Amino acid sequence: MRKNCFLFERMNYPYLVLILFCTLMTGKVYSQNWEAGISVGGSGYTGDLNPTGYLKHSGMGFGAHVKRNFDGYWALKLAVTGGKIAADDLKSKYEDQKNRGLNFSSPITEGSLQLEFNFFDFGIDWGQKRVTPFIYSGISYFGFNPKATYGGKTYELKIYGTEVDDSQFVAGNNTYKTTAFAVPVGAGVKFRLNNHLNVSADFGFRTAFTDYLDDVSMDYPVIDPNKNTFNGTRAALSDPTGYSNSKQTDVKIQRGDYRPRDTYFFSMITLSYVFRNKDCPF
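Just so you know, the sequence shown maps onto residues 1 to 282 in this note's numbering.
FYI, nobody ran anything at the bench for these hints, they're computed from the structure.
The model shown is predicted, which means the values in this text are computed figures rather than measured ones.
Note that CB positions come from ideal geometry on N, CA and C, so glycine has one too.
Please note: incorrect hints may appear among the correct ones.
What the hints assert, rightly or not - Simulated restraints, written as ranges between beta carbons of each label pair:
| id | residue 1 | residue 2 | range |
| --- | --- | --- | --- |
| 1 | Val80 | Asn195 | 39 to 47 Å |
| 2 | Met218 | Asp121 | 32 to 40 Å |
| 3 | Trp34 | Gly127 | 54 to 62 Å |
| 4 | Asn228 | Tyr273 | 52 to 60 Å |
| 5 | Tyr258 | Asp224 | 20 to 28 Å |
| 6 | Lys129 | Lys177 | 42 to 50 Å |
| 7 | Lys147 | Ile253 | 53 to 61 Å |
| 8 | Leu76 | Gly152 | 45 to 53 Å |
| 9 | Arg130 | Gly53 | 44 to 52 Å |
| 10 | Tyr73 | Tyr150 | 49 to 57 Å |
| 11 | Leu115 | Gly53 | 38 to 46 Å |
Please put together the full structure from these sequences, using the hints given.
This is how it looks when you write it as structure tokens:
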């Protein structure tokens, strides 16, 4: 009898070890490799028409992502996010902005690759946390297209060269690219609802490698509105209040704030689903 038991124990030893290993190492039973989610929230921007309202939302924001979780701390996320940014000088509390009288709105659509770090070991395994703050950064590529309302009509501003002198303006030639790279930097907190669902809230700034999110950057141009109707519209969009004409000076008159880059942001609530696959073969 003892011999038979001994033979049985030896025959099943590898199998028993595998069971014990997977039981004790709960983190290996369910891998937290892939995650997908959707987001909703708000968007806004800081730039020449909104120089100080860093948290001022101007539109809704939406997004979707897929994420590769390497462990409870690190993840790599591929996301597509969109929203709207806008500002209006006439609604500003500053007198110089009201005198300028510019306005714009633009859609923002970005694709981004973000590296995410959790401050706590986050997951479903024994000893892991249900809640953790996190930070992220990476690289984004986005598109935009500023438009302005003047005289009850909406105009696509890139066509009109609102900061280009007559001597340099070429009709039909865009004065700046409406795509650019940006660097996202953000932080948030995430919470595990159950083994498959996570919810998170985050706020992230994007430093854009362009100063034309709002179509404003440098100085008022030299435009002769009497040349033709197109030039008249160009002059009106560049200086709707006639502010630059009232100065009567031989030097360039400042139109933007001279800062080299605009920024935009998203504040999002995200619901995501975690795909978990068994590592053990039973």
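Against the structure, the hints:
1. A hinted range of 39 to 47 Å for the beta carbons of Val80 and Asn195 is inconsistent with their spacing of about 26 Å.
2. At about 49 Å, the CB distance of Met218 to Asp121 disagrees with the hint of 32 to 40 Å.
3. In this structure the supplied range 54 to 62 Å is violated for Trp34 paired with Gly127, their Cβ-Cβ distance being about 22 Å.
4. Take Asn228 and Tyr273: their Cβ atoms lie about 57 Å apart, and the range 52 to 60 Å holds.
5. In this structure the supplied range 20 to 28 Å holds for Tyr258 paired with Asp224, their Cβ-Cβ distance being about 26 Å.
6. Checked against the hint of 42 to 50 Å, the C-beta distance between Lys129 and Lys177 comes to roughly 44 Å, which is consistent with it.
7. Judged by the Cβ atoms, the range 53 to 61 Å given for Lys147 and Ile253 is violated: they are separated by roughly 24 Å.
8. The given range of 45 to 53 Å is respected by Leu76 and Gly152, whose C-beta atoms sit roughly 48 Å from each other.
9. In this structure the supplied range 44 to 52 Å is violated for Arg130 paired with Gly53, their Cβ-Cβ distance being about 35 Å.
10. Distance hint for Tyr73 and Tyr150: a CB-CB separation of about 51 Å, consistent with the stated range 49 to 57 Å.
11. Separation of Leu115 from Gly53 is about 29 Å and departs from the stated range, judged on CB atoms against 38 to 46 Å.
Hints 1, 2, 3, 7, 9 and 11 from the list above are not met by this structure, while the remaining hints are.
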